[in-house]
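One line per chain: the protein sequences are F and W, in this order. Under the numbering used here, the first residue of the first sequence is numbered 1, with each subsequent residue one higher. Under the numbering used here, the first residue of the second sequence is numbered 1001, with each subsequent residue one higher.
Each hint should be verified, as a subset may be incorrect.
Below, simulated DSSO-like cross-link-like pairs (lysine-lysine); rule was C-alpha separation at most 27 Å, straight line [as the list claims (entries may be wrong)]:
#	chain 1	residue 1	chain 2	residue 2
1	W	K1274	F	K99
2	W	K1123	W	K1199
3	F	K77	W	K1408
4	W	K1231	F	K85
Hints were generated in silico from the structure; no laboratory data involved.
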Amino acid sequence: MATTTINGKEVVVDDEGFMTEYDQWDKEIGSALATAIGVDMTDDHWKVIDFLREDFKVKGETPTIRRVSTAGGVDTKTLFQLFPKKPAKKMSYIAGLPKPHGCV
Amino acid sequence: MRRLVILGGGTAGTMAANKLHKELPSGEWQITVIDADDNHRYQPGYLFMPFGTYTPDQVTKSRRATLNSSVDLQYGEIDVVRPEEQVVALTDGREFGYDMLIIATGVSPRPDQTDGMTGPEWKKSIHEFYSYEGSTALAEKLKDWEGGRLVVNIVEMPIKCPVAPLEFTFLADSFFKDKGMRDKVEMTYVTPLPGAFTKPIAAEAFGNTLDEKGIAVEPDFMLMEIDNEKKALVSYDEREVPFDLLVTVPLNMGADFVGRSGLGDELNLVPVDKFTQVSTQYDTIFALGDANDIPASKAGSVAHFEIDIFVENFLQHIKGMEMTHRFDGHANCFIETGGGKAMLIDFNYDYEPLPGKYPYAGVGPMALLKESRVNHLGKLAFRWVYWNILMPGRSMPVPPLMSLKGKKTELLDQEEKKEPALSA
Chain F
1 MATTTINGKE VVVDDEGFMT EYDQWDKEIG SALATAIGVD MTDDHWKVID
51 FLREDFKVKG ETPTIRRVST AGGVDTKTLF QLFPKKPAKK MSYIAGLPKP
101 HGCV
Chain W
1001 MRRLVILGGG TAGTMAANKL HKELPSGEWQ ITVIDADDNH RYQPGYLFMP
1051 FGTYTPDQVT KSRRATLNSS VDLQYGEIDV VRPEEQVVAL TDGREFGYDM
1101 LIIATGVSPR PDQTDGMTGP EWKKSIHEFY SYEGSTALAE KLKDWEGGRL
1151 VVNIVEMPIK CPVAPLEFTF LADSFFKDKG MRDKVEMTYV TPLPGAFTKP
1201 IAAEAFGNTL DEKGIAVEPD FMLMEIDNEK KALVSYDERE VPFDLLVTVP
1251 LNMGADFVGR SGLGDELNLV PVDKFTQVST QYDTIFALGD ANDIPASKAG
1301 SVAHFEIDIF VENFLQHIKG MEMTHRFDGH ANCFIETGGG KAMLIDFNYD
1351 YEPLPGKYPY AGVGPMALLK ESRVNHLGKL AFRWVYWNIL MPGRSMPVPP
1401 LMSLKGKKTE LLDQEEKKEP ALSA
């Protein structure tokens, strides 16, 4: 792991720039991360990010797209509009959470 | 007499029943297993059946014969669990009261959950190998398939045995080479994940395996529907991947009764404490193996290590004591790489797969994250181990919790030193 400075704050990130420390994140950092990947945050975006943060706190892992659509109430088609091309990766990046993982 | 009811007599249910039977005094506890039929399938064998390596009878044994004779086995479809009353109701009207309940009904492939999957092309050019019937049908298809575009696809994570689709791809590559028709087959691996490999050190070990084998990868592909007319996968971001033969891994879901009983999440998986597997809602319910929602691979090896720890905890729990043992998410899996070779990986909640030796540090005999013939033989020998050691609840000479001994942990430090790249 390495550290980088986002929005004037030193945070720990993995080699793809995903934040690894849940408590280092705040909304300003979220906005800065969104800007870095070209996402213009609206209330609809924040609704998703807030759900991801809350759900991670309870479950200990980043929710899948299906979980965001069934438990978070934002359907898959909309997620692709809000976070074009790679919603799973982009929303977890902005939320300061690990990206969805495989096994190898 | 206290009653323990176990729903599902597969890998996890059978191991739990046979191990607890040895630990629980027979005069105090009656153990009942409920399952739909008597066919206990060796599910890892489904990977090999399409290529004719295993015949259907090699992957099937009687559930009755696999369970200890003093364990009661009842056949029936589960309708609903009424957790407040501590009752399981079957669709035929029978009801079973319990003092403790174990849900071990696993997950199943659900092709009905993806638009177009069970359309006109289902079982013609659209196949799967995650069920006994599917794997048998695919074997028939591959026997005289003349080639074209073969697409291997994962609909959504989590799936049982997350490496199986990759292994299938490697084995298919070998299969077509052996048949002298590899040049007639164009192979594409379509995954919802950012790549075929997502753990850095394993990704490095596999290196260009896919490139070298001439297998294209289509990452970040969230399947929206299958267009039967065009014979193409269509993603939410409107990419299309055409196929002549699609081998898909349908959405994996827990049993429907779990949802009906209010015990499941959006995939009918039972939320549990990841260290003890006790339900987060009811302390009279545990969920073991694939049926629960722990962030570990859905694999028989996880169920095996998990149940070793679970038994200790369960015995404390029924005495009203605090559960003091913690499952670490330990898994190990052989990964078939084709050509009679395999890799072995060993990992848990906290550590990604690392190279090294297993189970004995420095000695092995099996090499971690390295292709070898010994690993392949290990995988084939595992079927015997499954039926003769794991299912009867005998002890394996390997510890249930993961060990860092024999693993090259220094690679983790090197990885940490890499410069971060702020991009997604």
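Checked hints:
1. For a cut-off of 27 Å, the pair hint linking K1274(W) to K99(F) stands: about 20 Å separates their Cα positions.
2. At roughly 33 Å between alpha-carbon atoms, K1123(W) and K1199(W) are farther apart than 27 Å, so this suggested pair is violated.
3. The hinted pair formed by K77(F) and K1408(W) fails the criterion: a straight-line CA distance of about 43 Å is larger than 27 Å.
4. With a C-alpha separation of about 22 Å, the suggested pairing of K1231(W) with K85(F) holds against the 27 Å cut-off.
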